[in-house]
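Respectively, the protein sequence lines represent chains A and B.
If you're matching positions, the first sequence starts at 1 in my numbering and goes up one per residue.
If you're matching positions, the second sequence starts at 856 in my numbering and goes up one per residue.
No lab work stands behind these hints: they were computed from the structure.
Mixed in with the good hints there might be a few duds.
Here are a few chain B residues that face chain A, going by a calculated C-beta distance under 10 Å [stated by the list, open to error]:
id	residue
1	G916
2	I954
3	F960
4	P1192
C-beta atoms are modelled at their ideal positions from N, C-alpha and C, and glycine is treated no differently.
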Amino acid sequence: MTVTPRALEAIPVAAQPAAPAERATVLDLAHISKRYAGVPALSDVSLAIRAGEVHAILGENGAGKSTLMNVASGAVRPDGGSIVFDGAPVALTPVAAARLGIAIVYQHPAVLPDMTVLENLRVALPDGVFAHGAPEAIAERLLAGVGLHAALHDRVERLTVAQRHLLEIAKAFAIEPRVLILDEPTAPLGQASVDLLFSRVRRAVAGGVAVVYITHRLAEVRELAHRVTVLRDGRVRGEALVTDITDDELLALIVGRTLDSAFPPRRVARPDDAVVFEVEGLTGAGCHEVSLTARTGEILGVSGIAGNGQSELLRALAGLAPFRGRVRLGGADKRSRNLLHDATFVPAERHTEGLMMSLTVRENAAVAALREFRRGGLLSRRRELARVGETLRSLDVRAPSLDAEVSSLSGGNQQKVVLARALLSAPLLVIADEPTQGVDVGARAEIYRILREVAGSGVPVIVSSSDAKELEGLCDQVVVMSRGTVIETLTGDDVSEARMITAAVRATARTAAGGEPGARDANARGGLRRFLDGDLRRFLDGDHAPSVLLLGVIAALGGYIFAHNPRYLSAFNVGTVLLAATALGFVALGQTICLLLGGIDLSVGPLAGFLVVVASFFVTDPQPAAVIAAGLVVMAGIAVAVGLVNGSLIRFAGFTPIAATLTMYIALQGLGFVLRDGPDGYIHAGVAAAIQSTLGPIPVAFLALVAAALVAELVLRHRRWGWRLRATGSDAEAARRVGVKIHRTVILGHVAGSLFTALGAVMVMGQIGVGDPRQGVGYTLSSITAVVLGGTSLRGGRGSFVDSLLGAVLITQLLNATVFLGLSTLWQYVFQGLLILVAAVAYSFAHPRLDRSVA
Amino acid sequence: MKRPRPVTVIAATVPLAFALAGCSSKKSSTGSGSSEPTHLAGAPDWCGTRKITLAQLDGFGGNSWRLVTTASGADEIKKCPSVTSYQYANGNGDTQKAISDIQAFTAKGVDAMVVFGDAGQAMLPAIRSAYKAGVVTVPYRVEVGGTAGTDYTQFVGASFVNDGVSWGNWIKRILPGGGNLLFLSGPKGNSQGNDELKGMKTVLDDSYKFINEAPYDVTNWDPALTQTVLTAEIAKNPKIDVIVSDFGPSLVGALPVFTRSGRSIPALATSDGNALGCFWKDNQATNPDFKLFTVATGNDNVRLAVDWAVARATGGKPPDATTFQAPVFEDSVSGKPNPVECDAALPGDIYLSAQLPRATQAVAINNK
């Protein structure tokens, strides 16, 4: 499953594109402007994209490159300017752009983690792509075209970042676009993949495709592009043919700023300064063989183009991610868990990781240092107030009071609270990731001062910033990272923005393995581990694992009871158990749809009960067949309406699935009591008998349930409708970008779910035989239990109808077993609880999301 | 006596493959009245000589009243040695579980079952299927619809109308000029409350005004909900002359609200419970209007159902009665048939009106 090097095709890598004659403009962006919250992201940007050439867009982080491409692909609507395609003005949306043949490879691939590689291709690409030939063969060809060696039936979740990018690229090439936009496509790729990609791009260009290539790297521009446009601060700073401009001229266009003077004076280096912090050969997820040293009083900067391992390095040093290699701090070797304690981390994601927004300024500042305020077993409020107050004052935090909610502070003051907490915990090492992001100019200077003071007190400070100018002003030493490794260490006068950017954009180093640097190494463990990581996990990860497990449990439990009491397999028992399982099974099929969508339907139980109450007015003994049939139609109609309302509340009214369906739960219960205030209306005996008729000992309805589950399973795996359902549940945003209509999918999904519940209600009708508004509620919980036992993820995107059916059978079997084994009700709960626990552990082991420890 | 025959197949892995041969022919003898009753010497009349197994099924078995009732049923069964095996199952308030219990016992081959069908009519198809499979089936206390001999062997009801009449007569005696009545019953739509109201209405004219929601305030027979509902009603209504409830002990939690708001606790017409008796004893001196009248809370209803089931299954002589008549138990005004009783040494949630000895009740509720 890795990207292996491939023989390059016969196109010479270094072939410099011939200077193009004036070519036809396919897509013309004129005077585009776009503002976000009043801040201009693009101002008066014009760009002509020509057929048969590669047009590179260069610029620093935040220069506006991605915004411009989102405009070009219809994902973002500009505030001003015009877009002309083939000479005609157009209003672009993602769908319209796709129709015109504009394909975009996003920097963050729009792939669906819970679906297989093949399914990702099929849901994203028009049917026409797969029209001629076996889909597998066509898909294999598409993947081979970009050098992606991944099994078609592996889940995309298991792919490396690089492989996901290649999949994204494969999708773009598959539709044979007229305009191909590539947004930093090579960032995670290895050399072989890059070469292959470039040869594909060259071939496409030779065929007349217009290519837009966004990058940070001058080397790539030289290698691939005909024309280059430089953006800085949302404006075009220059456009030229690549052959007409030197690297130095391009660098001047990219940087183009002078240093302002908000920075505190640097430390004066002395020869006897001790090395207080030392890293040797650190390798972890996203960074590789990193070495650095810092002396007393130094601020060490980490520079590079965003996403080249800076954040990963910082997290490893903060003890938040595992690493191999040696870290010495204050004369002692430190491991990850020591660093978690000794180092303090100021995260880039202030709101989600740095602060507890609903707590007060005092609580946020004090939480890491509570040990300091201990007196006896309790906290000394006085000591806490004194220390926290003093620190906040020294940092000049402007807050209405210590007990104000931290969310009421400005960004700069919030960041100072984060720093206050860092300082109160008396760390041995301070690590700050983008410490001035979203902070106003005045507060920036304060933060620089604080960091300098901390360094001056002998605590090493490590700062990462996407703003090279900031690092130039603040740091004594800067390491520049590219693709997870340190490519240059700058000290003294070399610490300059120009040197940093030059190093970063000139970097040609490519990662060796072609995957995420270092990520794979972590798996090299012993035999058992390999078994657990490999074979067992692959089995548990597959769609068939729950079926096998459930069938095993069902058979084992059945066999055990049968050994105790042969009546267990009597026709009467098998028939009644399967009949009860049929009612639950249909409801569980409906619930499965909602869980696949990443939601949940709490209203299924009351809906089943309500529909039986409705039936008790139509499907009763003296009624003629026509009325009974009308009753069944009314039941279906109500189910459709309930599904429409649930889905619409979720998609259009902003309800969470729980809130929407809980509202429906209560409403349906109330309506049931409006129709009948007690049990009444006996169900037609003939109809009840028909519902419960059997073929031998097996209820016909159960056979229908099995058939329904199999058909639903088929649709889920092999039809566009099923892919859309799972795509939506897997990642709604990515699904939207590949063209899935989310509103329609969710709403129709709920309608289908309610219709399955209506079939369950028909079974309940036969089972209880009377209209009783109190009945049915229990199906909500038991259907969820059945679906979860069947391995359907509560997070959405993966699951199976057949497994839900088996879950329903198992639950019904358990109820029956308590009587056959003479167990108390307690055991029923113990059994169910244990099964769910085992299922949850097994499936979550098989399905780890990459949640890292967050201290 | 043919029963569904066990099938000897290998335990197949696919439920579909549960293969089956059994037949569903009914048991021929369900102790129909045609044959001469038998009698096991030394046992009650209803205990015949045929050996049987019997199951007691509860729709909801959690609270102390149910625990005492279950223990009472077991106690009654012990009187007949012909019952060789006794089993119990608790539906836990889940209709599907209660239905499953009936079907599983039927499949397991018990000869007789007594069923507390909490879910009411919704239980009828399951009860009917047990009866049709040849099990002597006796639903009791909760109306499940259907008819004896077609859907089940015999229904042993309780006369809730009769309870209502007893309360009504007492209310007329202590409050001859009419007044405000507050009536609390169990879950919404339960037939017991409706029957009790019907009984009261046969005795009380329009000068007695029910100030609750029609037909009764819903408490689910849950002490916590009862306290919430009653507290609200006390705050809302400055004048409450009599509180009527079919679960007396559940009132105890909320009654002190009267005292705290400077009002006397009013008269109570309800069912008995040790906690209620003791509460009356502690508070009657300071609350001049606090009179208490109780009917037996009906734990012994199950005994009549067991008598019926055992008689029909063992070939004994069925009892004459098919309905349990809850006797009047306490009257603080007349002292007849009993003055208010309290056994402060025992737990509050036992029922002094039940036949089961107090100490045995205390064991039953503590062993839950």
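Here is what the structure says about each hint:
no., hint, result
1, G916, "holds (7 Å)"
2, I954, "holds (7 Å)"
3, F960, "holds (6 Å)"
4, P1192, "violated (34 Å)"
Hint 4 alone, counting from the list given before, is not met by this structure.
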